[in-house]
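Novice: Sequence:
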Amino acid sequence: MKYILIKGNTSAGKASTVNEVCRRLKPEKICRLYFSENGKVSLHTVYSSGDLADGNYLVTIRSKRVLMVSNAPTQQRVKISTIIDSLLSISITVEFAIVAMSGSEKLKDFATAKELAKYGKCIYETKIWRIPSHKFNLTEEWNKRISYLTAITLHNI
Numbered sequence: 801m802k803y804i805l806i807k808g809n810t811s812a813g814k815a816s817t818v819n820e821v822c823r824r825l826k827p828e829k830i831c832r833l834y835f836s837e838n839g840k841v842s843l844h845t846v847y848s849s850g851d852l853a854d855g856n857y858l859v860t861i862r863s864k865r866v867l868m869v870s871n872a873p874t875q876q877r878v879k880i881s882t883i884i885d886s887l888l889s890i891s892i893t894v895e896f897a898i899v900a901m902s903g904s905e906k907l908k909d910f911a912t913a914k915e916l917a918k919y920g921k922c923i924y925e926t927k928i929w930r931i932p933s934h935k936f937n938l939t940e941e942w943n944k945r946i947s948y949l950t951a952i953t954l955h956n957i
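Just so you know, we're using the working numbering here: the sequence shown kicks off at 801 and counts up by one.
Hints are computed from structural coordinates only; laboratory data are not their basis.
Do not rely on the hints blindly, as some may be mistaken.
[Said to hold, decoys possible] The calculated BS3-like cross-link candidates involving lysine-lysine, where the alpha carbons are at most 25 Å apart (straight line), are:
{"#": "1", "residue 1": "935", "residue 2": "908"}
{"#": "2", "residue 1": "935", "residue 2": "914"}
{"#": "3", "residue 1": "906", "residue 2": "918"}
{"#": "4", "residue 1": "802", "residue 2": "826"}
{"#": "5", "residue 1": "908", "residue 2": "927"}
{"#": "6", "residue 1": "802", "residue 2": "864"}
{"#": "7", "residue 1": "918", "residue 2": "864"}
{"#": "8", "residue 1": "864", "residue 2": "879"}
{"#": "9", "residue 1": "935", "residue 2": "906"}
{"#": "10", "residue 1": "927", "residue 2": "879"}
{"#": "11", "residue 1": "879", "residue 2": "921"}
{"#": "12", "residue 1": "944", "residue 2": "879"}
[What the hints assert, rightly or not] With beta-carbon atoms standing in for the labels, derived distance ranges:
{"#": "13", "residue 1": "956", "residue 2": "845", "range": "36 to 44 Å"}
{"#": "14", "residue 1": "939", "residue 2": "801", "range": "26 to 34 Å"}
{"#": "15", "residue 1": "888", "residue 2": "837", "range": "27 to 35 Å"}
Owing to the predicted nature of the structure, the values given are computational and were not obtained by experimental measurement.
Beta carbons: idealized from backbone N, C-alpha and C, even for Gly.
Use the sequences and the hints to build the structure in full.
Specialist: Written out as structure tokens, the structure is:
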């Protein structure tokens with residue numbers, strides 16, 4: 801699996817970035833991942849990319865399964881290995897992933913970058929900063945960020 805790692809502090813825009821990249825990729829299918837208390841995963845179809853919220857999604861683009869983790873694992877209090885292993889347990893393999901990660905993981909036993917390295921190869925890693933504007937999604941900086949991440953993803957799937 802190839803993956804992109806997006807690092808940022810709280811409120812840097814990680815979730816917004818991942819969700820907007822997902823929208824621009826125009827997925828054929830979107831499923832939100834839900835985890836039960838016993839650790840089992842279930843998938844629920846999302847019918848419009850406009851309905852994306854912070855969370856974990858399995859999307860299909862060009863017949864490839866792409867994992868989108870817009871809520872950092874530390875914010876969810878769910879390790880990235882738990883997310884990926886849950887999918888593997890129901891025979892779903894992921895070909896590509898875009899994962900948001902806290903800039904500094906302070907929770908004990910969380911090491912998202914190291915865990916991801918066990919599953920594949922990082923093709924791009926970036927640290928993002930909050931765009932200081934209420935209309936951040938109309939700025940040139942936002943458009944460049946999203947366009948670049950979308951292009952890298954399309955090139956690698």
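Novice: Let me make sure I understand: some of the numbered hints might not hold for this structure. Which ones are they, in numerical order?
Specialist: 1, 2, 9, 12, 13, 15
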